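Chemist: Sequence:
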Amino acid sequence: MDWVTNPEIWIGFFTLVALEIVLGIDNIIFISILVGKLPPAQRDRARKLGLAVALISRLLLLLALSWVVRLTEPMFEVFGQGISGRDLILILGGLFLLGKSVHEMHGSLEGESHHSEGKVASSFTSVIIQIMILDVVFSLDSVITAVGMVDELGVMIAAVIVSVIVMLVASGPISRFVDRHPSIKMLALSFLVLVGVVLIAEGFEQHISKGYIYFAMAFSLLVELLNIRVRGKAGRRKPVELRSRYETGDKAGSESPETPEPPVGRGASATQADEPAERGNPDKRADS
Numbered sequence: 039m040d041w042v043t044n045p046e047i048w049i050g051f052f053t054l055v056a057l058e059i060v061l062g063i064d065n066i067i068f069i070s071i072l073v074g075k076l077p078p079a080q081r082d083r084a085r086k087l088g089l090a091v092a093l094i095s096r097l098l099l100l101l102a103l104s105w106v107v108r109l110t111e112p113m114f115e116v117f118g119q120g121i122s123g124r125d126l127i128l129i130l131g132g133l134f135l136l137g138k139s140v141h142e143m144h145g146s147l148e149g150e151s152h153h154s155e156g157k158v159a160s161s162f163t164s165v166i167i168q169i170m171i172l173d174v175v176f177s178l179d180s181v182i183t184a185v186g187m188v189d190e191l192g193v194m195i196a197a198v199i200v201s202v203i204v205m206l207v208a209s210g211p212i213s214r215f216v217d218r219h220p221s222i223k224m225l226a227l228s229f230l231v232l233v234g235v236v237l238i239a240e241g242f243e244q245h246i247s248k249g250y251i252y253f254a255m256a257f258s259l260l261v262e263l264l265n266i267r268v269r270g271k272a273g274r275r276k277p278v279e280l281r282s283r284y285e286t287g288d289k290a291g292s293e294s295p296e297t298p299e300p301p302v303g304r305g306a307s308a309t310q311a312d313e314p315a316e317r318g319n320p321d322k323r324a325d326s
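As numbered in this note's numbering, residues 39 to 326 make up the sequence shown, in order.
No lab work stands behind these hints, which were simulated from the structure alone. It should be emphasised that the depicted structure is a prediction, and the values quoted were computed from it without experimental measurement. Check before you lean on any hint, since a few could be wrong.
What the hints assert, rightly or not - Restraint ranges, calculated between C-beta atoms of paired labels, are given here:
id: 1; residue 1: 141; residue 2: 86; range: 19 to 29 Å
id: 2; residue 1: 112; residue 2: 267; range: 47 to 57 Å
id: 3; residue 1: 239; residue 2: 105; range: 20 to 30 Å
id: 4; residue 1: 101; residue 2: 269; range: 41 to 51 Å
id: 5; residue 1: 267; residue 2: 102; range: 42 to 52 Å
id: 6; residue 1: 118; residue 2: 266; range: 44 to 54 Å
id: 7; residue 1: 120; residue 2: 262; range: 39 to 49 Å
id: 8; residue 1: 144; residue 2: 260; range: 40 to 50 Å
id: 9; residue 1: 148; residue 2: 256; range: 26 to 36 Å
id: 10; residue 1: 77; residue 2: 244; range: 18 to 28 Å
id: 11; residue 1: 86; residue 2: 112; range: 37 to 47 Å
Beta carbons: idealized from backbone N, C-alpha and C, even for Gly.
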């Protein structure tokens, strides 16, 4: 019980929790983008399941510390550059994240508007599989950071659990905010492209400081929030609409074509033209 009165352990714990939350921002953004493709009834379940997988993968990697340490040893060389297991995972994960983000951008802007309802189950499965793949990449980076900061395994596990709980609470509001503002969604996809490039660079031992990346993200987000506020004050509260697989009832109703009304001028002229003809034709008056 010495850890209760040890200030160094508590400082390391809170510092690690803060770092784990910051490192988990990428994971939250990615999960928010993916669950947005599902029907509204399935989004909360997919988001919670994705974060549960993230927690399990982090804990398993922490318990397999000896294997994680061996991942940093070079396995082979490419152009004189040693590639370890960690480097290979980062490169493959970065390529997957880069390709997925670009694909989502294209699908949101120029993809098909509607898909058949028979693809709902397969879509849920594919979303969970994609979340699991990226969870391994983000968890590896998170665990390596934890191993480098704290020596006590119990402190690492507690910090990871607390950080995932915080991400679970924050993921819902973040996902709903991204869904309401398509410009934020495109900005988030741009962030993921940037993160994918950083992962590939780190896989080739080209370190890029995370501080620059997160500062660029925070500054871009602040500018876009100001733009949203300015557009709201100007009266243009309806955001641009991106193509989505599933539309809500309000959107579907608003996009239904309206029945065109007959031109007023034509109807009026036709009525005026019929009245003189009836007045001038006594047979028609008699028949009526």
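Chemist: A separate judgement is required for each hint: does it hold in the structure or not?
Modeler: Hint check:
Restraint check, residue 141 to residue 86: a C-beta distance of roughly 25 Å satisfies the suggested window 19 to 29 Å. Here the CB-CB span from residue 112 to residue 267 is close to 50 Å, well matched to the stated 47 to 57 Å. For the pair residue 239 and residue 105, the beta carbons lie near 24 Å from each other, so the given range of 20 to 30 Å is met. Checked against the hint of 41 to 51 Å, the C-beta distance between residue 101 and residue 269 comes to roughly 49 Å, which is consistent with it.
For the pair residue 267 and residue 102, the beta carbons lie near 47 Å from each other, so the given range of 42 to 52 Å is met. Roughly 48 Å separates the CB atoms of residue 118 and residue 266, a value that falls within the hinted 44 to 54 Å. One distance hint, 39 to 49 Å for the beta-carbon pair residue 120 and residue 262, holds here, with the actual separation near 40 Å. At roughly 27 Å, the beta carbons of residue 144 and residue 260 sit outside the given window of 40 to 50 Å.
Distance hint for residue 148 and residue 256: a CB-CB separation of about 29 Å, consistent with the stated range 26 to 36 Å. As the Cβ distance of residue 77 to residue 244 is approximately 41 Å, the hint placing it in 18 to 28 Å is violated. Range check, residue 86 to residue 112: about 38 Å between beta-carbon atoms, so the 37 to 47 Å window is met.
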